[in-house]
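*Asks:* Listed below are the residues making up each chain.
Protein chains: 2
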Amino acid sequence: MTPQPTAASSPRPVLYSFYRSSCAWRVRLALNLKNIPFDTRPINLLAEQNKTPEYKAIQPFGAVPAFLEANSQGPALVESVAILEYLDETRPELPLLPKDPASRAKVRALVEAIAMDIQPIGSMRILKYIGKDKEAEWTSHFLKEGFSALEKMLEKTAGKYSFGDSVTMADLLLVPQFYNGIRFNIDMSAYPIMSRINSELETIPAFQASHPTKQPDCPPELR
Amino acid sequence: MTPQPTAASSPRPVLYSFYRSSCAWRVRLALNLKNIPFDTRPINLLAEQNKTPEYKAIQPFGAVPAFLEANSQGPALVESVAILEYLDETRPELPLLPKDPASRAKVRALVEAIAMDIQPIGSMRILKYIGKDKEAEWTSHFLKEGFSALEKMLEKTAGKYSFGDSVTMADLLLVPQFYNGIRFNIDMSAYPIMSRINSELETIPAFQASHPTKQPDCPPELR
Numbered sequence: 001m002t003p004q005p006t007a008a009s010s011p012r013p014v015l016y017s018f019y020r021s022s023c024a025w026r027v028r029l030a031l032n033l034k035n036i037p038f039d040t041r042p043i044n045l046l047a048e049q050n051k052t053p054e055y056k057a058i059q060p061f062g063a064v065p066a067f068l069e070a071n072s073q074g075p076a077l078v079e080s081v082a083i084l085e086y087l088d089e090t091r092p093e094l095p096l097l098p099k100d101p102a103s104r105a106k107v108r109a110l111v112e113a114i115a116m117d118i119q120p121i122g123s124m125r126i127l128k129y130i131g132k133d134k135e136a137e138w139t140s141h142f143l144k145e146g147f148s149a150l151e152k153m154l155e156k157t158a159g160k161y162s163f164g165d166s167v168t169m170a171d172l173l174l175v176p177q178f179y180n181g182i183r184f185n186i187d188m189s190a191y192p193i194m195s196r197i198n199s200e201l202e203t204i205p206a207f208q209a210s211h212p213t214k215q216p217d218c219p220p221e222l223r
Numbered sequence: 001m002t003p004q005p006t007a008a009s010s011p012r013p014v015l016y017s018f019y020r021s022s023c024a025w026r027v028r029l030a031l032n033l034k035n036i037p038f039d040t041r042p043i044n045l046l047a048e049q050n051k052t053p054e055y056k057a058i059q060p061f062g063a064v065p066a067f068l069e070a071n072s073q074g075p076a077l078v079e080s081v082a083i084l085e086y087l088d089e090t091r092p093e094l095p096l097l098p099k100d101p102a103s104r105a106k107v108r109a110l111v112e113a114i115a116m117d118i119q120p121i122g123s124m125r126i127l128k129y130i131g132k133d134k135e136a137e138w139t140s141h142f143l144k145e146g147f148s149a150l151e152k153m154l155e156k157t158a159g160k161y162s163f164g165d166s167v168t169m170a171d172l173l174l175v176p177q178f179y180n181g182i183r184f185n186i187d188m189s190a191y192p193i194m195s196r197i198n199s200e201l202e203t204i205p206a207f208q209a210s211h212p213t214k215q216p217d218c219p220p221e222l223r
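Each protein sequence line maps, in turn, to chains G and Y.
Here the first sequence stands for residues 1 to 223, numbered as in UniProt numbering.
Here the second sequence stands for residues 1 to 223, numbered as in UniProt numbering.
Just so you know, not all the hints are guaranteed correct.
Any copy will do: because identical chains look the same in the list, a pair fits if it lies in one copy or spans two.
[To be verified] Quick list of in silico lysine-lysine cross-link-like pairs, BS3-like style, CA-CA up to 27 Å: (1) 128 / 99; (2) 144 / 132; (3) 51 / 144; (4) 144 / 56; (5) 132 / 51.
Derived from the structure by calculation, the hints contain no laboratory data.
As the structure is a computational prediction, the values presented were derived from the model and not from experiment.
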C-alpha cells in the first residue's frame, strides 16, 4: 500500500477541476443539477499542476476531475463517469438514469460513446504527442467520425434531450463534447440532432452555471 | 427515426463479437461468469464485416460488441461497459459490483481507467490511422503510460483480484487489456500487481472459456 495523500477534510464536497476540462465539466453539471453545494479546487493543466506527486497520488493518470466527498479524509474518487454513477447512487433525487435496465443501457451507451469513442482521442495528452502541426487534421478526422456515429445513435433515442424528454447522464457528456467540437473548428451544424439538444440544454440554469467561463479558475479575459 | 434492422429473435441472447476484440471479450466474461448461455454471431473486423450498412444500423461506430437480449426483436444494446452494467442489473446473482457506493465507484474507476484511458488509444481504427510504421512506438508509449497509472490505482484497491478478494467488473477489463499488452510486446512483468491478478484470474474456468482462442470464430491455426 502507498501512503495516502492527506486530504484536508471539508464540510462540502470538493471537485478537483480545470475550468476547460470536459471531464470535470460533466461532474460539475451533475453537482449543479442535483443542487449539491461544492468547492472547486483548481488544478491548472496548462501549468502542469496535474503532474505533481501530490496530485498524482490522488489521480495516477494526472487527469481531472477528482471528487472528495464532504467530511471525508479521502481517498478522493476519480474518473468522471464513475463519479457520476456515485453521485446518482448517493443522491437519487433528480436521477440521471431512467429506471428500467434497457433504457439505462441506452443512456449509458450514449455516455460511453462520448467518453470512450470520442473524447479520449482528442484529449490533451494525445494531442501533445501528435504535435501542433498535425492536431487539426487529427481532431477533424476523429471528431467528425465520432459525431456522425453519435448522431445516428441519437436518431433512435432523442426526444427533447439525448434520451427522451428528461435530462439524463448522456446530456452531461454531450454539452462539453459539443463545446470541444466548436473549439476544434468542427462545423457542428452538420449534426442537427446534437445541435438542437445542445441548444435546449443551454437554456437550463444548472447548465449555464456549469459553463467553463463561469468557473473560478477561468482566466478573466475569457469570461 | 431510422428503420430498425430486422434482428431475428432468438431464444438465447446473442453476442455480436470478434474473437480478438478486447471489448467483446469483456461481455463474454460477464456472460460466462453469470452462467448465461448465449450464441455468438461473429463479425469479422479484418474482413470489415463491421462496416456493412446492416451492422452499422446496429452499432453506428462499427464496433463490437453488440448484445441482443433473448427473445428480443432489438435494437441490440451497444458499448461494452453499458452492456456489463445491464447484465449486472438484470442478472444480479454473482454481482460484478460491490454493494456500497464508494466501493462501486472505486471498481468503476478501474473499469473506466482501462476503458477510456488505455484501450481506445490502441484500438484498431486509431492504429490504422497512425500507420504500421509508427504503431509500435505509439502503443509502447501509451500502453506503458496507462499501465503504470493503473498499477498505482491497483496498489490501493487490489486484494486477490483488482478490488479486494472477489471478482468484479474491473477484472473483466483487466484480462483482455493485459493480453493486448502482450500482443503489443509490452514487458508486462514491469507491472507486478496486474501480472499477479491476471495469473489468478486465468485459473478460473469462466475466464478460460472466454479466451479468444476458445471462440468459434478463432482461426484454427491460432487455437
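*Asks:* Now look at each hint and say whether the structure bears it out.
*Replies:* Tested hints:
{"no.": "1", "hint": "128 / 99", "result": "neither (41 Å within a copy, 39 Å between copies)"}
{"no.": "2", "hint": "144 / 132", "result": "both (19 Å within a copy, 23 Å between copies)"}
{"no.": "3", "hint": "51 / 144", "result": "between (31 Å within a copy, 17 Å between copies)"}
{"no.": "4", "hint": "144 / 56", "result": "between (32 Å within a copy, 16 Å between copies)"}
{"no.": "5", "hint": "132 / 51", "result": "within (21 Å within a copy, 31 Å between copies)"}
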